Amino acid sequence: IEAKLTTHPGVKDAVVTAANNHLTAYLIPDASHDTGGEGDRLRVSEWENVFNAMRSEVGVIGDDFDTTGWISTYTDAPIPDEAMRQWVDETVRRILECSPAHVLEIGCGTGLLATRIAPRARYTGVDVSAETLATLQAYFDARPEYADRVRLLHRDARDLADVEDGVVDCVIVNSVSQYFPSGAYLVDLLREAARVLSDDGTLFVGDVRDLRLLRAFHTSVELFQAGATDSVDELTERVTQRGLQESELAISPELFRGLRGLGFSTVSMRPKTGDPTTEMADYRYDVILRRSPAVAHAEAPGHVTVLDGQAEAVIDELRAALDEATPHGSAAVILRGVRNPRLWRDLRATDHLESGSAHTLEDVATDQSAAAGFRTDDLRAVAHDAGWLIEAFLGEAPGAADIVFYHGHLPDHLSEECSTLDLDDGVPELVNRPAAPQFTGRLVESVREHLTGTLPSYMLPERYLVLDRFPLSANGKVDRGRLPAPDLDDTGDGPENGAAPRNLREERLSAVWCDVLGRQSIGIHTDFFHAGGDSLLAVRTAAAAASNGLPLTAADIFAHPTVAAQAVLLATRDHAPEGQASALPRLVSEPGARFEPFGLTDLQQAYLLGRGGFFALGN
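Residue numbering for the sequence shown follows full-length UniProt numbering, beginning at 1 and increasing consecutively.
A few of these clues could be false.
[What the hints assert, rightly or not] Computed list of lysine to aspartate or glutamate pairs in EDC-like fashion (alpha-carbon distance at most 16 Å, straight line):
1. Lys4 <-> Asp30
2. Lys477 <-> Asp13
3. Lys12 <-> Asp30
4. Lys477 <-> Glu462
5. Lys12 <-> Glu354
6. Lys12 <-> Asp468
7. Lys477 <-> Glu354
8. Lys4 <-> Asp468
9. Lys477 <-> Glu2
Since the hints were made in silico from the structure, they are not lab data. From a predicted model like this one, the values you see are computed outputs, not experimental measurements.
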């Protein structure tokens with residue numbers, strides 16, 4: 001069965017297990033066999049709809065610090081303003097270090113960067129959301145000094161056709177790469193960015209989610225949210241499920257090192273610092289790519305001292321090196337391979353869960369408390385006391401950084417020389433595949449058809465799970481015992497105790513959910529968002545339900561996130577017999593009511609509920 005599954009062009013690898021007289025197939029998709037450009041366009045269009053609805057409710061931007069929609073994955077609450085200000089300040093500082101004269105920002109959003117960069121450079125902003133651009137345009141229109149300095153364009157991030165070649169010296173792609181639907185989309189955008197850059201231009205790709213740390217991030221979130229009575233097995237399953245439901249793009253630093261073919265000569269990658277209680281720090285990084293080698297500053301770096309960042313007495317060695325080098329003025333001191341204690345703890349916890357070496361959550365917590373290392377902010381005080389400046393660069397190992405202490409200008413030779421990658425296939429090995437339930441559903445259906453007629457019926461799997469990778473044993477073989485159980489969301493809640501639909505209305509709702517979420521079955525008490533739903537899918541589910549005679553809104557899904565609760569809600573609205581579909585309401589024209597208050601659309605209701613904390617719209 002496994003051999004037959006891997007003959008399907010969309011399947012890279014497959015494992016089949018047998019338990020309780022049921023066959024379950026686990027599939028790893030072949031990233032090169034994708035849904036094509038149409039799937040990318042659909043995903044971008046969905047984000048456009050959500051952002052438009054969000055901005056239509058916020059209205060005109062009144063100041064330069066609008067952080068609406070920035071929600072913590074850990075707490076589901078808005079990220080604190082202080083953490084956001086640190087994030088903005090660090091980003092702007094790194095961009096202005098490039099001394100831009102004409103900036104193009106792709107994905108300008110609410111203007112957190114635009115309002116700070118426009119006073120210093122000509123500014124062109126691009127965004128997929130017309131509503132977002134309208135409110136940002138109103139901000140600049142109210143300030144006449146920007147009339148000839150700012151231009152805003154409504155379009156897809158890759159559509160820079162009317163931007164001439166080589167006219168800007170800095171392209172910014174900040175905190176939007178996570179919304180790109182695929183690696184191929186990212187590569188297309190990088191090609192366009194390289195085209196419009198001047199010969200000595202700089203590309204700044206900011207707030208990139210680190211693919212190397214993605215599993216550790218999922219572990220970190222689940223550990224934070226774990227209850228006191230949760231078992232290691234339950235935690236491991238939730239981490240796996242979070243990975244399956246990951247809807248945002250994460251990118252390996254190796255991709256940015258390989259862009260010489262696009263005309264970039266050097267790359268510098270720097271981890272995000274700041275508040276360690278949010279995902280805005282540590283798990284993301286900034287990338288600075290230059291078309292030509294950086295021009296050497298007048299004061300070239302002198303002697304460079306390199307210290308082992310993991311040595312026991314590293315702080316004492318560092319202070320001594322800083323004191324000794326200070327008289328030279330142009331020297332630099334580098335702490336190589338400094339472990340970030342937060343990331344080190346989460347990476348260790350991930351290893352314990354994947355290896356099965358932790359038996360209780362207390363085992364994981366005890367190991368975490370022993371994590372050693374230094375955050376960049378911890379070392380900033382040491383640098384300040386000695387009269388030095390400090391900057392962090394991504395280290396070779398995940399979770400580590402190279403910390404540079406310097407005077408005056410950051411030494412240019414610290415940037416890496418770019419190599420050449422083959423970008424034609426969208427570099428699938430260097431990005432994840434953001435969860436796309438419709439793609440998953442189509443793949444499973446295609447695989448079913450592929451097997452039918454070629455295998456006897458008793459050899460056809462009943463259930464399919466699409467994974468990004470298989471758990472491996474110490475000798476590198478698939479650890480079948482650690483494969484996730486089918487229907488994780490329904491563990492312990494089978495049909496015999498009410499998880500299966502009990503009436504026609506619940507059956508129809510379940511069918512809608514399965515179609516939208518790309519699942520084969522769903523328990524009636526399963527939470528929509530625990531099953532992989534998000535704000536986009538809530539809107540799509542509401543539309544699909546309504547078209548099937550089940551008049552739900554996105555707001556209903558947020559407030560009643562289970563099939564059972566939605567069925568009860570519909571029953572209270574409709575006194576028709578349980579199995580009878582409600583008739584769709586007749587639309588009646590009322591011209592006289594054009595100027596009367598009107599109800600919110602599904603998207604507007606979803607946005608308002610998202611702001612209220614029912615569900616995070618994302619960052």
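Results of checking the hints against the structure:
no., hint, verdict
1, Lys4 <-> Asp30, "holds, 15 Å"
2, Lys477 <-> Asp13, "holds, 13 Å"
3, Lys12 <-> Asp30, "holds, 4 Å"
4, Lys477 <-> Glu462, "violated, 24 Å"
5, Lys12 <-> Glu354, "violated, 22 Å"
6, Lys12 <-> Asp468, "holds, 10 Å"
7, Lys477 <-> Glu354, "holds, 13 Å"
8, Lys4 <-> Asp468, "violated, 20 Å"
9, Lys477 <-> Glu2, "holds, 15 Å"
When each numbered hint is compared with the structure, violations occur for hints 4, 5 and 8.
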